[in-house]
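Protein chains in written order, with this note's numbering: chain Z, 1 to 501; chain B, 1001 to 1501.
FYI, nobody ran anything at the bench for these hints, they're computed from the structure. Take these hints with a grain of salt, some might be off.
Said to hold, decoys possible - Covered stretches of chain Z (chain B as the covering partner; in silico rule of three or more C-beta atoms under 8 Å from a C-beta of chain B):
#	region
1	188-202
2	358-372
To be verified - Cross-link-like lysine to any residue pairs, in silico, SDA-like; alpha carbons within 25 Å at most:
#	chain 1	residue 1	chain 2	residue 2
3	Z	Lys-27	B	Glu-1004
4	Z	Lys-445	B	Ala-1333
5	B	Lys-1317	Z	Gly-36
6	Z	Lys-228	B	Pro-1170
7	B	Lys-1228	Z	Ser-160
8	Z	Lys-207	B	Thr-1326
9	Z	Lys-228	B	Val-1169
10	Z	Lys-8	B	Tyr-1020
11	B	Lys-1124	Z	Asp-45
12	Z	Lys-27	B	Met-1001
13	Z	Lys-8	B	Glu-1004
14	Z	Lys-317	B	Gly-1190
15	Z	Lys-228	B	Leu-1191
16	B	Lys-1124	Z	Asp-52
17	Z	Lys-227	B	Gly-1190
18	Z	Lys-228	B	Val-1175
19	B	Lys-1027	Z	Glu-4
Virtual Cβ for every residue (Gly too), placed ideally from N, Cα, C.
Number of protein chains: 2
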Amino acid sequence: MDIEQFRKAGYQAIDRICDYYYTLQDKPVVSSVKPGYLRDSLPVDAPEAGEDFQEIADDYQKFIIPGLTHWQHPSFFAFFPTGCTFEGMLADLYASSTMNPGFNWACSPACTELEAVMMDWAAKLLGLSPEFLNTSGIGGGSIQSTASDSALIAVVAARSLYQRRHPSVPQSSLVIYTTTQTHSLGLKAGLILGLSVRALEVTWEDKFSLRGETLRKALEGDEKEGKKPFILLATVGTTSSGAIDNISEIGAVTKDYSDLWVHVDAAWAGVALSCPEHREPLHLNAINEYAHSFCTNFHKWGLTNFDTSTLWVRDRKYLTDALDVTPPFLRSAEGDAGTVIDYRNWHLSLGRRFRSLKLWFVLRSFGAGGFRDYIRRTINLNNLFASLVSASSVLSLMTAPSLALSVFRLDPKPESASLNSSKALSPETLNDLNRIYYARISARKDILLTQTVLNGAVCIRFAVGAARTEEVHIRGAYQLLGEEGRLALEEWRKAGQNGNV
Amino acid sequence: MDIEQFRKAGYQAIDRICDYYYTLQDKPVVSSVKPGYLRDSLPVDAPEAGEDFQEIADDYQKFIIPGLTHWQHPSFFAFFPTGCTFEGMLADLYASSTMNPGFNWACSPACTELEAVMMDWAAKLLGLSPEFLNTSGIGGGSIQSTASDSALIAVVAARSLYQRRHPSVPQSSLVIYTTTQTHSLGLKAGLILGLSVRALEVTWEDKFSLRGETLRKALEGDEKEGKKPFILLATVGTTSSGAIDNISEIGAVTKDYSDLWVHVDAAWAGVALSCPEHREPLHLNAINEYAHSFCTNFHKWGLTNFDTSTLWVRDRKYLTDALDVTPPFLRSAEGDAGTVIDYRNWHLSLGRRFRSLKLWFVLRSFGAGGFRDYIRRTINLNNLFASLVSASSVLSLMTAPSLALSVFRLDPKPESASLNSSKALSPETLNDLNRIYYARISARKDILLTQTVLNGAVCIRFAVGAARTEEVHIRGAYQLLGEEGRLALEEWRKAGQNGNV
Chain Z
1 MDIEQFRKAG YQAIDRICDY YYTLQDKPVV SSVKPGYLRD SLPVDAPEAG
51 EDFQEIADDY QKFIIPGLTH WQHPSFFAFF PTGCTFEGML ADLYASSTMN
101 PGFNWACSPA CTELEAVMMD WAAKLLGLSP EFLNTSGIGG GSIQSTASDS
151 ALIAVVAARS LYQRRHPSVP QSSLVIYTTT QTHSLGLKAG LILGLSVRAL
201 EVTWEDKFSL RGETLRKALE GDEKEGKKPF ILLATVGTTS SGAIDNISEI
251 GAVTKDYSDL WVHVDAAWAG VALSCPEHRE PLHLNAINEY AHSFCTNFHK
301 WGLTNFDTST LWVRDRKYLT DALDVTPPFL RSAEGDAGTV IDYRNWHLSL
351 GRRFRSLKLW FVLRSFGAGG FRDYIRRTIN LNNLFASLVS ASSVLSLMTA
401 PSLALSVFRL DPKPESASLN SSKALSPETL NDLNRIYYAR ISARKDILLT
451 QTVLNGAVCI RFAVGAARTE EVHIRGAYQL LGEEGRLALE EWRKAGQNGN
501 V
Chain B
1001 MDIEQFRKAG YQAIDRICDY YYTLQDKPVV SSVKPGYLRD SLPVDAPEAG
1051 EDFQEIADDY QKFIIPGLTH WQHPSFFAFF PTGCTFEGML ADLYASSTMN
1101 PGFNWACSPA CTELEAVMMD WAAKLLGLSP EFLNTSGIGG GSIQSTASDS
1151 ALIAVVAARS LYQRRHPSVP QSSLVIYTTT QTHSLGLKAG LILGLSVRAL
1201 EVTWEDKFSL RGETLRKALE GDEKEGKKPF ILLATVGTTS SGAIDNISEI
1251 GAVTKDYSDL WVHVDAAWAG VALSCPEHRE PLHLNAINEY AHSFCTNFHK
1301 WGLTNFDTST LWVRDRKYLT DALDVTPPFL RSAEGDAGTV IDYRNWHLSL
1351 GRRFRSLKLW FVLRSFGAGG FRDYIRRTIN LNNLFASLVS ASSVLSLMTA
1401 PSLALSVFRL DPKPESASLN SSKALSPETL NDLNRIYYAR ISARKDILLT
1451 QTVLNGAVCI RFAVGAARTE EVHIRGAYQL LGEEGRLALE EWRKAGQNGN
1501 V
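Just chain Z, with the same shape it has in the complex (with noise of 0.2 Å):
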């Protein structure tokens, strides 16, 4: 393709993405198409002859875009939104088209000093303490590529100043600290570094929040058991309910236990740190003063294309003294000097993309106060839809809506039309109902929901977040969900006449 045909093709691009958007809302939110079914409509092999890029691209129309879930859709409320805007796009086309890797300031100066500047304007956006930024000269971020990556980075980082504190210590007394709500890359960290996980006990009275006393009891009894908790992967909107760990006991805790280290995953709803109004109900104080790192993913809920996951450390040798290795041919004599940051001594990998530039668009074009109107939009639309569910008869909400997030289930009040019936249903029986409410929904095409558990009982998210979505998306959702709820209870009774429940 030469630079004539790329002018045409890209042309092209644009203008398909466009209609893309045009008729986003009229399109199903999730994809019909049965497992298999690309390579039934692919060759088994690359072909030997190039092909023309239009049929290429024409193909991308016709195969790919029928096999994705729209996860734009003002529909979606599945999982945790992704961030996805034209200025996130934009970015990502001007990174790839100079592409390079990053690693250390030398291979590409713009690189390394745009992501350490952006990390500063997040950190400020967000009110993190002075401590994080890239100007203080000892505490620092970057740019990971996911939550599970900088929870990661953090065990690692963590293990390795245990040890260096404790150098007898056998691994094999070291423990995570977790709780039952934490994300699946508390575990995922413990596997692949073949450490112990150890998750702590929260409850539903708490909201499920790690409290101070449940910490400090387990620090106790671990101690007196020889054992070595080394690092608490503390979370700020668990995925399940957005349940918050109260960072403040936390942190009074760890006075008493200066070893541990507090990683905040803050994956989701750290950036709603932009909106003063949110930053105590979700301990930014306690973060300043308490976390060893912090960790929020401007690619989810902060209107930024994945991958950016940021993720702030109070003192970057913590990251260097475990991960740095320079061999000769990656040597530089800015990074001698020490003059410079070289990044890839601050994650896993060794190259990197330009991922700071779509901070950089996103942050400029919304400004910060555009940014906030949008997650202060976005919880706005949430509230409605958990004020919604509190006024109906069949459903229920199971937690109190965390920012842009409610958790429900169909909980047919005694007195409703369509139980039939005055008496409250067993937790079995509830779970049972909800199983076959939640595989109603999900067999729908025109909206999508994710299930969970919370505490044995099968629940669903209703999470917002897509940027195209509006007062009557939410409205929408509710009037099916309850229609759902309605044919829900039918198909339960109806089955439960033929005897199956």
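Let chain Z serve as the given structure and place chain B on it in line with the hints.
Structure of chain B alone, referenced to chain Z:
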């Protein structure tokens, strides 16, 4: 930014990328910016109000482009090349435009399915055994971020397999084998996982290739000492000199040491397997017979934009046994039924970009024939460079050229007029001389090469691969490197007359 504003900004981005490539060869390869240049140019905070995108796009040209090292410049011969094609850019743009995190089949079927098919296309292009194909249902391939990630995953899978077979062996006995020439990814995997790394010696006489006998002796010695080598990170095409570990001999040894996992890191050289004439020199048969895992980076010498590190394993269960974590919110009907691949269990993170699109666009647009043509053309260009150096009176090749990589140094023949001496130089003197020489080369902005050290000898690497490099650039580089060599000799001689050498 609304859809029409995006169309305008998108067209402009395409036009500006066209301009970039029309003028690329007139730019210096290396940026002249000084550390801190960008921070001094940018505000200390994100703006409060959104800015016009035109201003942002203009600032990209004004502040970012001057701070780039131009890896696609035809006179870029440093590190290894990084793939960057118009096809790759367009695929990145399309992938970014719908942004799905691809962690399981249901969250975008096209994303998982295309990756499975593309990994099979790529495997067949390289001549890998059918056992590595996804269609085998046993082995399979997936796209990782970097060769460091791929190697780390291999080590985690190998450790997990070893520990299941030998549950009583403590982690502290485990050893990762590398060679003294292995990329820093070996040491980094050890650092991350807290495992010992033993670098086996390789010799100049063996062209820095790991031989079977060296491996056997190491295994015998470690067995006696109770150490448990569980993985060998073998390399086909080392970074320093393009050395090729003798996979055939290594494989034969593992017949007696069946616990040793053989990971073949062919990050750079692997794509040359697309050409039948390079298969045996690169030990393809032995890879197919013995390797547990095999990695090559299409984002290096394979015309595909970063990140596209392709990793194949002989048994996918090795990965999923080591990495599968499936909480309720990640369950899906298709995943539960086992009819689809959920790639999240094949790598370290959860989310992943839609990277297979790049391979699809590149392999179709170039065709297998066009891909091989590019590989052969770059090898021929390096052979031209090597033949010029061989005939030089001041430069010497340090090893036979390996594919598209030459390693050379300033090494004046005794009869050289510039040397003005008939005595051969000592190794220390030659190193001093080459430090002066490399300092001169790296002070230039119109060419970029990187240094290395081979068995104590300071050398310079010349890696061909930028898609726009032609014979004229090779001849120009040779002339420039010869002139700098003569100037370095003069500088050295003058310093000697002043008593500094």
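Results for each hint:
no.: 1; hint: 188-202; in the structure: holds (count 5)
no.: 2; hint: 358-372; in the structure: holds (count 11)
no.: 3; hint: Z:Lys-27 with B:Glu-1004; in the structure: holds (20 Å)
no.: 4; hint: Z:Lys-445 with B:Ala-1333; in the structure: holds (15 Å)
no.: 5; hint: B:Lys-1317 with Z:Gly-36; in the structure: holds (20 Å)
no.: 6; hint: Z:Lys-228 with B:Pro-1170; in the structure: holds (17 Å)
no.: 7; hint: B:Lys-1228 with Z:Ser-160; in the structure: holds (23 Å)
no.: 8; hint: Z:Lys-207 with B:Thr-1326; in the structure: holds (23 Å)
no.: 9; hint: Z:Lys-228 with B:Val-1169; in the structure: holds (21 Å)
no.: 10; hint: Z:Lys-8 with B:Tyr-1020; in the structure: holds (16 Å)
no.: 11; hint: B:Lys-1124 with Z:Asp-45; in the structure: holds (7 Å)
no.: 12; hint: Z:Lys-27 with B:Met-1001; in the structure: holds (22 Å)
no.: 13; hint: Z:Lys-8 with B:Glu-1004; in the structure: holds (18 Å)
no.: 14; hint: Z:Lys-317 with B:Gly-1190; in the structure: holds (18 Å)
no.: 15; hint: Z:Lys-228 with B:Leu-1191; in the structure: holds (20 Å)
no.: 16; hint: B:Lys-1124 with Z:Asp-52; in the structure: holds (22 Å)
no.: 17; hint: Z:Lys-227 with B:Gly-1190; in the structure: holds (23 Å)
no.: 18; hint: Z:Lys-228 with B:Val-1175; in the structure: holds (24 Å)
no.: 19; hint: B:Lys-1027 with Z:Glu-4; in the structure: holds (20 Å)
Checked against the numbered hints listed earlier, the structure breaks none of them; every hint is satisfied.
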